[in-house]
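Visitor: Each chain is listed here by its residues.
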Amino acid sequence: MSDTSTPDTTSPAASADALLVVDGIGLRFGGVQAITDVTFSVNRGELFAVIGPNGAGKTSIFNCINGVYRPQQGSIRLDGVEIVGMHSRETAEMGVARTFQNLGLFGNLDIVDNLMLGRHHLMKTGFLSGAVWWGRAKREEIANRAKVEEIIDLLELGNFRRKPVGMLPYGIQKRIELGRCLAMEPRLLLLDEPVAGMNLEETEDMARYIIEVRSNLDMTMIMVEHDMHVVMDLADRVMAVDFGVRLATGTPEEVQQDQRVIDAYLGKAS
Amino acid sequence: MTRFIEFALAGLAQGFVYALVALGFVIIYKATEVINFAQGGLLTLGVYLVYNFTSGQSVPFPLAVVMSMIVTAGVALLFERLVLRRMLGNPVFAQVMVTIGLLFILQNLVIAIWGAEPLNLGDPWGISTISIGEVIIEVRDLWTAALAIGVLVVFFLFFRFSKLGLAMRATAVDQEAALAQGMSSRQVYMAAWGIAGATAAIAGVGVAAGATGVSPSVEFVALLAFPAIILGGIDSPLGAVIGGLIIGVTQSLTAGYQNELFPWLWAGFDDVMPFIVMVLVLLVRPYGLFGTPEIKRV
Amino acid sequence: MARQSPYLITNYGKDLRLFGSSWKRAGLLLLAALFVVLPLQLDDFWLSLLATVGVYAIGAVGLNLLTGYAGQVSLGHAFFFGVGAYCAAWFGGGNAVGTRDEILFLDLPMIVWLPLAGLIGAALGALVGPVALRLSGQYLAIVSIGLLFVGDWILLGWVSATNGSQGLRIAAEPSIGPVNFSDLNIFGSAFSPEQGEFWFVWTLVALVALLAKNIVRSRPGRALQAIRDRDVAAEIIGVNPARAKIGVFALSSGIAAVAGGIYGMIVVRTITPEIFTGFGGLVTSITFIAIIIVGGISTISGAIVGSLVVVTLRQVTSRFVDLLPFLKQTPNDDGLMLVGQFNLIVFGLLIIIFLLAEPLGLIALWRRVTTYFKAWPFSY
Amino acid sequence: MNTSMTATNNAPGTDADVVLSAQGVEVVYRDVLLGLRGVSLEVKRGSIVAVLGSNGSGKTTLLRALTGLLDVHRGKVTKGSMQFEGQPLERRDPASIVRAGMAQVMEGRRIFPALTVDENLRTGAYTVRSKAQIRENYDRVLSLFPVLVDRRTSTAGYLSGGEQQMVAIGRALMSSPTLLLLDEPSLGLAPLIVEQIAGIVREVNAQGTSVVLVEQNATMALSLADHGYVLENGRVVKDGPGAELLADKDIQEFYLGVGDAGRKSFRDVKTYRRRKRWSS
Amino acid sequence: MRSNRGRAIVGIALALSLVVAACGRSEESSGGESSGGGNANAGNPPAGVPGFDGTTISLGVLTPQTGLAATIGDPLTAGNQLYFDRVNAAGGIAGKYKVQLVPKDTEYRAEKAVQEYAATKDSVAMYVQILGTAIQEAILVEQETDEILSGPATLDAEWVRNPLLMPIGAPYQIQAINGLDYAIRELDAANSTVCAMTKDDLYGQAGLGGLEYAAEQAGIAIAAKQTFRQGDQDYTAQIGALSSAGCEIVWLTSLPTETIPMMTGASTQGFAPTWIANSPAWTSLLGAGELGPYLAENFLLMSEGPQWGDTSVPGMAQMLEDIKAYAPDQTANVYFAFGYAQAWAAAQVLEKAVALGDLSQAGIVSAASQITELTFGGLVGDYTYGPAADRNPPRASSVFAVDPTSTATGFLVGVEINQTSQAASEYQIP
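Residue numbers (the numbering used here), protein chains in the order written: chain A, 485 to 754; chain B, 196 to 493; chain C, 3 to 382; chain D, 37 to 316; chain E, 17 to 446.
Read the hints as simulated data drawn from the structure, not as lab findings. What you were told as hints is all true, and nothing was included just to trick you.
What follows is a list of derived Cβ distance ranges for each label pair:
no., chain 1, residue 1, chain 2, residue 2, range
1, E, T391, B, V330, 51 to 57 Å
2, D, S259, B, V479, 52 to 58 Å
3, D, R66, C, V318, 29 to 35 Å
4, C, N97, B, G269, 53 to 59 Å
5, B, P458, A, G619, 50 to 56 Å
6, C, N97, B, R280, 50 to 56 Å
7, B, I331, E, A237, 27 to 33 Å
8, A, R646, C, P327, 50 to 56 Å
9, D, S132, E, D345, 51 to 57 Å
10, A, L606, B, R280, 46 to 52 Å
11, D, Y65, A, G751, 35 to 41 Å
12, E, D345, C, P327, 18 to 24 Å
13, D, T191, C, D324, 57 to 63 Å
Computed cross-link-like contacts, SDA-like style, restricted to lysine to any residue with a CA-CA straight-line distance of at most 25 Å:
no., chain 1, residue 1, chain 2, residue 2
14, D, K285, A, L684
15, E, K368, E, D338
16, C, K215, A, W618
17, E, K112, E, Q334
18, A, K647, D, N91
19, A, K608, C, R245
20, E, K241, B, L456
21, E, K241, B, F199
22, A, K647, C, G15
23, C, K26, A, R645
24, C, K26, A, W618
25, A, K647, C, T373
26, C, K16, A, W618
27, A, K647, C, D17
28, C, K215, C, R370
29, A, K608, C, R219
In this text, a Cβ means the ideal position worked out from N, Cα and C, and glycines have one as well.
Chain A extracted, bound-state conformation (with noise of 0.2 Å):
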């Protein structure tokens, strides 16, 4: 089922430069349907943005990338891959980090334990050799530790590197988690309303942050976000969807200017 009333830039086919192709997926809970044949597709380097009203689907759609729930319809390919079905760890070991909605931090650890969890896949040291410490499991701590150090620069925590992160204020664990997924060194990073209860200054250090490390570290993204502003100024394309059905699909602009967007989910204003 295709759109005809939005011009639609996402044919999965279309483009060779895309990361992640999502091709018809449906979700069910139950009697519930949760997603109903959403596709879209997000090329290399690019920040896609998927906003609706709440319980729209939008959360629904990352689980459904990075492997906590499984969409009974339709396949998911990152690079090619085919990833439905596979456990969330195996997405994350192919490349797929995110942030939560309220927060997913260890909040009795510290931001240098929090962010060594980010490289917890890329590292090898198990019970054994964690216990016997000197040699190897020491020497990949070291190598680890430079590499989240670096982290920690880019996203400015210096400061509060030694507490545990639950005692930190909410922009600064908003800030951490963008960096456990930086550890992580994602090939697709997905944010999960990554401004939501930030004011103004908090909001323009983390969309600064978001522009950073696009720029700097040549992420692809793709963001849910209430924060229109953001949205319109960050997104090079947003995809909008309501009751798990995709509604429009194109640039800010064009999709600001959808009726059926701003019937379901604008409003009046904007």
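Knowing the structure of chain A, use the given hints to seat chains B, C, D and E on it.
Guide: Just chains B, C, D and E now, with coordinates in the frame of chain A:
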């Protein structure tokens, strides 16, 4: 066939005892999310108090039970007021540990006061039986069943229709939000402990009536009831009763048929069987048959 | 040449040191000194009590990995403790009490059987681990009680190996090569069994604590804590919860088995099912839980401090309460209650008071005190 | 129906025009952390007061201090005074404060997910004794949120975010409060829903309930508010009528962006804008 | 600056440790043998040995004061104490050395018991009572190095051959053998269906072993054998099996917590054989409670010595006299009587040790092996002592029936007192 019925009935009788004990656990867990290890201690205290009133003061049995319920509830309340309230907001297992501390205290206090010798509860049922056709049923078992069902019905009505019951459920879900509605968590916790204390006294009667007698060993029933609680769902009164019955019958049938069906198994498999049933159920339903799953959101 | 400040950390390797600050190093030296000196100063009673403390500390370190770091509460720890104790008899040498059945005992050296006991404990733990995967919190705690009943059934039923309720005597000695800690002879001066066993047990405590600490600060330990704090998020960043949970279950069970082996060999020397399984086993398991909660959950040192407090307390109070006039020594004396009853009431009260005073355990108290002094004179 | 409520609200005599006042309130958490450093504010009867501030500025702490929920977070009011309807608020338990007529909608909605919508609403009427009064409030809430009528028996946890917010507001209204405290009602909601919520707040206020609106979303809050306070680091750094604040340069810069039209793009904010402090 | 302070502290700690180490323990060999020539001190043993300061002898008691086993531990200890009250009133051991008990709570856990043993072993001369088979076994390992005598508080036959132990009373096997003998004589057991219901542990095996031995001697087949486990509550299955096997006489080896639900089940299911039980199966609640009438009809208890209150037996008369004098609240209790006899035995050993002039721990062990016989005035059977290999426990048992009205005798009335069957006297103690 009569043998099967005999085993099943014996199992049901034991199951109702488990159910009564389990109901006390459930109410505290529902309100505070703490498994109260001292429940067995409260139960022991309750039984000894009944004994104390019937034998020493020669109070009529039903009145003695009510008096014991009141005193046991009072002790439970006092513990909540003096200790657990101060532990609020601390790790759950620190709270559980505190109830274990109380268990040590109650256990030994009871022995210090009444000694360790088994005593006669003084209930009116004794070992009298009634027979229905071929089947013989102990009167005390019928009473235990009636008490268990009675307590269950009272719980149901309480949670469904009373304000305090609603407050208890709300507090269990989100204490601070409940406070914001003007529900006093203190009241709720005290009520839960009070009810659990009273229930413990009733359960104690179920355990120690008839020839069993009053002895410090009645507290072990509380530990044996654990599989019942978990199987039924730790926060569900109905689950407690059904879990209790399943465990009781499973145990009795295992004991009855082990030698015929599994002669190669080591003796005493009936002690293990409840846990096997419990694990099997939990593997399918991690929160028991009737328990509320945590709503997990990503 | 200017001396470099010890607070200046110049590379990550230094930052990862366990005893980075000179204060910590001083503490370590003090402990080492105590380790050497205590056996020369204390009498046999205190030494054997401290050996018991050490054994419990080892088991508690293992339980803390499981409960403190991975958030999995187990009341089945006594079972694995028992596995180790029976392994000590089977593989380290022993005989059946009452000699009703012929049981095969191997006479392996400790350097072989103790790790073997650990491996067997770990293997059994790994078998149980998958159940733990599905369950959480207090559900797991209760289900793990089932282990105690299964254990009871096996130990009492498998008479041809366990000798049932009569139990086994353990003949194994804590010796490594020619050095037997129960019969220590250094430079011609002989030491009592209690002295040697103190050194042996506490060396092991230090070793196990070090290994545990290393795990906790490296990749697998972080994974455990991640799962404890947020299991879904942990999986999404690539942590394999099955591997971590089963791994930590195996590890903690293995450590419990090692502790149990030493317990059998040094503390009781005759083992019967009731310490490890059934209701008695539950008391043992609860003792372990009490240790880590009183000491401070998710700290390695908390397990050791907790053991010192919980295990010693019961002895100390029982010595102390003898002096109270309102207690009776024998049942027909005048008095309020028997000494033993009062002792356990006091024990219950102390647990409550400890937790009321510091629900996060003694280590948290210690940390509060030290940070207070570090920050002094500023109040926050 | 509504008239009777407004009538009772206006009944108390003398200091009737001020519902809530706080003077120099200081809050300390865990004996060490300062949450508020002397906050004063006043809510006139029938007005909407907005409280703005960034994360950690003390907005939620202020609400906790007012509603008696500091205990839960190991916090204490160490200085200052607070009065509601002329009665002091210090050392009162949450229940008596709710009973006196102050209800709040907590940050993150905090409905009881395992209970039905109906039961959630009933929890809000916990302090109300009269059955008839409960009935009346219940009808009023359902007329305010017609969406909820069909969902009365659904488990609240399965509702959408917007509906949950409505349940949360409805629950607070079940005690027929004279003062409603709203903590970040727009958090995490779609723009369309935010507008709806704003409309509801306006309507509730029009029916005679005074409102304190704690928000990050300054545009929405100030457009509703009669008076606004700006919190920074536990202090009130600015206050004034809503319209005045909307026009304030600093407010515009730090909370609104410089007006929609002339707003800079985030892409242009290349260098970190140094935080300007009103307080030193 | 700060680092210097740290180093200073390290220095001090090290210095301290060296000083302390220097004054370490050097006199390691003090605990050894006291003067070997015992006879030189005959009647006047030298003081300064553990548990004896020249005027008072301290004796250890390791018993459960808490938990379930306190039901047994408490009366045993009270019995111990009563006998020594008597001894002390008469001036003490050998008329001059007062006896003091040092009771310690074991919580019925081997670990706690071992710790209490370690805490007391240097301050007691011997242990009058150690309760619990597993606990006695665990401590026995230590006793072997320390050479301390102890009185185990069970009737296991296993204790008989160990020189460090001071058993009294006829083993459980003897009770069973005499029990079957009584059944053959009085209940026509040879032509009845004889069955067994025994606990699945060492105690149960002892009872069953005795029964099997006696049955073999008498040429009787045991028709059904049922077992149960510690603390079982539901006996429907076992009783069903016994009932369908048509059992008329059932040998029972159990503890009270098991006897009660078992008898309840039997009575409600209408199963009414003659139960004959080992002595530990009994508690007075059985006679006082609802089960009284059923048991009066169907239950016999095998024990030793006279009916409680039978003053014609000197040992019993003496105990009752002492109760009146020192413990007037004490009611009839089999464990109490056992504890009294146990202390009586210890007193005889101590008298002997004083006579030999050596109250050291090893001296007391040696005294026990030099006594030829322990006597109890008929309270329990006389026990041939001497070297462990030559020990010979009493072989007599008494049969008691239940009388729910007989409060003064603990609801037990003697049917046959101190009978020794042929089989019992021939039974070989391993």
